[in-house]
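Peer 1: One letter stands for each residue in the lines below.
There are 2 protein chains.
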Amino acid sequence: MESAIPNRLQCPRSRQRRIPDDYVPPYPGFVARHAPGISHVIMAYFGIQFRQLGDGVSEACKTLVDAFALSHGPGHWDRAQWQDERGYHNVIFAAYWDEPTRYDAWLPLHGLSWARVPRPGIGTFLEVLRPHVTRYETLLGHPTAVEGIAALADGISGPIQEHGYWGAARDRIPASQYDALHSTESPTFERDGSYVRVHAQDDLCLIRSGQDWLETEGDERRMYLDTLEPILRRGMEFLRDEGLPGGCLCSRYVTVQDVHGRATEKSYGMSWWRNLASLERWAESHPTHVAIFGAATDYFQKFGENARIKLYHEVTLSRRDEQLFEYLNCHEYTGLLRAMPR
Amino acid sequence: MESAIPNRLQCPRSRQRRIPDDYVPPYPGFVARHAPGISHVIMAYFGIQFRQLGDGVSEACKTLVDAFALSHGPGHWDRAQWQDERGYHNVIFAAYWDEPTRYDAWLPLHGLSWARVPRPGIGTFLEVLRPHVTRYETLLGHPTAVEGIAALADGISGPIQEHGYWGAARDRIPASQYDALHSTESPTFERDGSYVRVHAQDDLCLIRSGQDWLETEGDERRMYLDTLEPILRRGMEFLRDEGLPGGCLCSRYVTVQDVHGRATEKSYGMSWWRNLASLERWAESHPTHVAIFGAATDYFQKFGENARIKLYHEVTLSRRDEQLFEYLNCHEYTGLLRAMPR
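In the order they appear, the protein sequences are chains X and R.
Each number in the numbering used here comes from the position in the first sequence (counting from 1) with 635 added on.
Each number in the numbering used here comes from the position in the second sequence (counting from 1) with 635 added on.
None of these hints come from the bench; they were simulated from the model.
Every residue gets a Cβ at the ideal spot worked out from N, C-alpha and C, and that includes glycine.
Among the clues, some could well be false.
[As the list claims (entries may be wrong)] Some but not every residue of chain X turned toward chain R, in silico, with C-beta under 8 angstroms: (1) Gln651; (2) Arg653; (3) Ile654; (4) Tyr658; (5) Tyr800; (6) Trp801; (7) His817; (8) Thr819; (9) Arg916; (10) Glu919; (11) Ser920; (12) Ala926; (13) Phe928.
[To be verified] Just the calculated beta-carbon pair ranges, DEER-fashion: (14) His834(X) to Pro661(R): 29 to 39 angstroms; (15) Lys937(X) to Ala786(R): 39 to 49 angstroms; (16) Tyr662(X) to Leu879(R): 12 to 22 angstroms; (17) Arg826(R) to Leu860(X): 56 to 66 angstroms; (18) Pro661(R) to Arg643(X): 31 to 41 angstroms.
Sequences and hints are given; from them, build the entire structure.
Peer 2: See the structure below:
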């Protein structure tokens, strides 16, 4: 068993893990391992918002996808969609780089116009984090559950120790060895017509938490679709509609699409949180997540090692100067705009 | 809002709380406050085990209760019973002192014979902790939920900050400011015929966790008795029968009795754990406790501030030299004897 924190990022601690050294997790978990030279990664979400799919949307998506394939484009990306609480359709492209110089070369040529050049009847937004490798963590339920930033990893760890208990996400983040990772600030907003740039605070927290049920069959598939997924959906809807007082600035529950925009049997929730502590509190004690955790516990009690669902997540903190949030012509419940005082 | 750790026991930390300073609990919780002069308390469990209630048992109980009323007797005690997994009936008297000198004066005269002088056909045992005030914590769901060591308190706190999250019990224990409170040792056993003295390790962990449903009515009473209590019972039975690999050395789920030995509408679980971390892991992630927590969450979601059930607990660690465990003529699944290699 190995630590989720790679050797090269381990350092003398001023803050402790929640577990004693003899802790053994109840089931295996894995993390992505980057190549030693990687210092920062980029997680860039390109969103597009519209009432009805039309030529403008398709063209914008195609232009972006074509640009991903150009020189210095992302090492990995995926596409997803959801209908939001205002009835708008949204498509979001999550693009990942592990070499900032490539992103810095690509973005001005192909990415910055995304939420700066207006498209009639269409909203666009860009949400980018550029965290240092000490400020995020991954967790894969299975070594093949490789999604998100893990797709750029050099490899996957062996079974790691820091998982299966509340607070484990924090303990997997290398900076937690010496940093409380806690901000009490709120985002500020800079508006220019239908364009809004959001300046969030240090240690704003993002979680992307996904599930892939493609390989499930029979009883397991039914239990996922009929029991677990509806409970998960209710939790995501709670966060979307009522999460703000608890520190959830925005939550989206999205269906992953293939390159042609067709739904796959993968989904993920992504949510922005005022800080990691707020996410921890919701996860461990809010009735909606207690219900999700209870249902997931039943699920894995029943199927155990035979379960074919794949689960993964990534939790990211970043400094204020490692973030970019731009919204153009989007409704006021889009992304971090939800947190705007009104 | 105040800290669970009284001002006089706060000190520079080398270990952090799990929560940030701006944490606000989702509902109120309270702790017992001792008078400033109190340094150690005594929690002494006098148990008696038998197949059938007979004169010998009644006489032993009466003698003990009479002795409680004598000079230097406990400041508070209660009586409970349960039938164990071997079919034996057990009565247990939990007696509390907050002045060790009084206990030290009382015990040799009236208490030490309890598990040293054999009674035909009857087992007796004594389980005593003498923790420093920095090594235990209380939590009361309501300021009137005063049971156990809290009955000796000088008063009850106002609403405290450290509750409503996993790990809060640890954070309420003053020694957690600087001590990992973690032992990896196991008890050792000294046998002399039908007498066994157990020497447990530093930071052996005891939880007494109780419920009082006397004042519940109508829907709430039905939900407690028909839904919550059976789930709680299953969790207690799991710990009793299968808890050992997870670090639970012994678990009893008992009904509190009045002075005449009649059942009341109070119960408590008491369990001995290899260490606090083992208790934390079971509580936050084992399916049996996930179920209890989920059911309790539903319960308080439904009844909220109108709930009339009273919940409390106390979690205690103690040094090896602050413990006394004696078993006389008891079956091999009694108390810490369960952990004896066989």
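Peer 1: Taking the hints in turn, state whether each one holds.
Peer 2: Hint by hint, here is what the structure shows:
Contact between Gln651(X) and chain R, as hinted, is supported at the beta carbon level, the nearest pair being about 6 angstroms apart and thus within 8 angstroms. Hint status for Arg653(X): holds, given a least beta-carbon distance of 6 angstroms to chain R, under 8 angstroms. For Ile654(X), the shortest C-beta to C-beta distance to chain R is roughly 7 angstroms, which falls under 8 angstroms, so the interface hint holds. With a least beta-carbon distance of about 7 angstroms to chain R, the hint placing Tyr658(X) at the interface is held under the 8 angstroms criterion.
The criterion of a C-beta within 8 angstroms of any C-beta in chain R is met by Tyr800(X), whose closest approach is roughly 6 angstroms, and the hint holds. Using the Cβ-Cβ criterion of 8 angstroms, the hint placing Trp801(X) at the interface with chain R is satisfied: the shortest such distance is roughly 4 angstroms. The interface hint given for His817(X) holds, since its Cβ lies 5 angstroms from the closest Cβ of chain R, which is under the 8 angstroms cut-off. Residue-level restraint check for Thr819(X) holds (minimum Cβ-Cβ distance to chain R is 5 angstroms; threshold 8 angstroms).
Checking Arg916(X) against chain R by beta carbon gives a least distance of about 6 angstroms; that is within 8 angstroms, so the hint holds. Because the closest C-beta pair between Glu919(X) and chain R is about 5 angstroms apart, less than 8 angstroms, the hint holds. With 8 angstroms as the threshold, the beta carbon of Ser920(X) comes within range of chain R, its nearest partner Cβ sitting at about 6 angstroms, so the hint holds. Using the Cβ-Cβ criterion of 8 angstroms, the hint placing Ala926(X) at the interface with chain R is satisfied: the shortest such distance is roughly 7 angstroms.
The criterion of a C-beta within 8 angstroms of any C-beta in chain R is met by Phe928(X), whose closest approach is roughly 6 angstroms, and the hint holds. For the pair His834(X) and Pro661(R), the supplied restraint of 29 to 39 angstroms holds, since their beta-carbon distance comes to about 30 angstroms. Under the hint 39 to 49 angstroms, the C-beta atoms of Lys937(X) and Ala786(R), about 44 angstroms apart, fit the expected range. In this structure the hint that Tyr662(X) and Leu879(R) lie 12 to 22 angstroms apart at CB holds, the actual value being about 20 angstroms.
For the pair Arg826(R) and Leu860(X), the beta carbons lie near 57 angstroms from each other, so the given range of 56 to 66 angstroms is met. About 39 angstroms separates the C-beta atoms of Pro661(R) and Arg643(X), a value consistent with the hinted range of 31 to 41 angstroms.
Every hint from the earlier list agrees with this structure, and none is contradicted.
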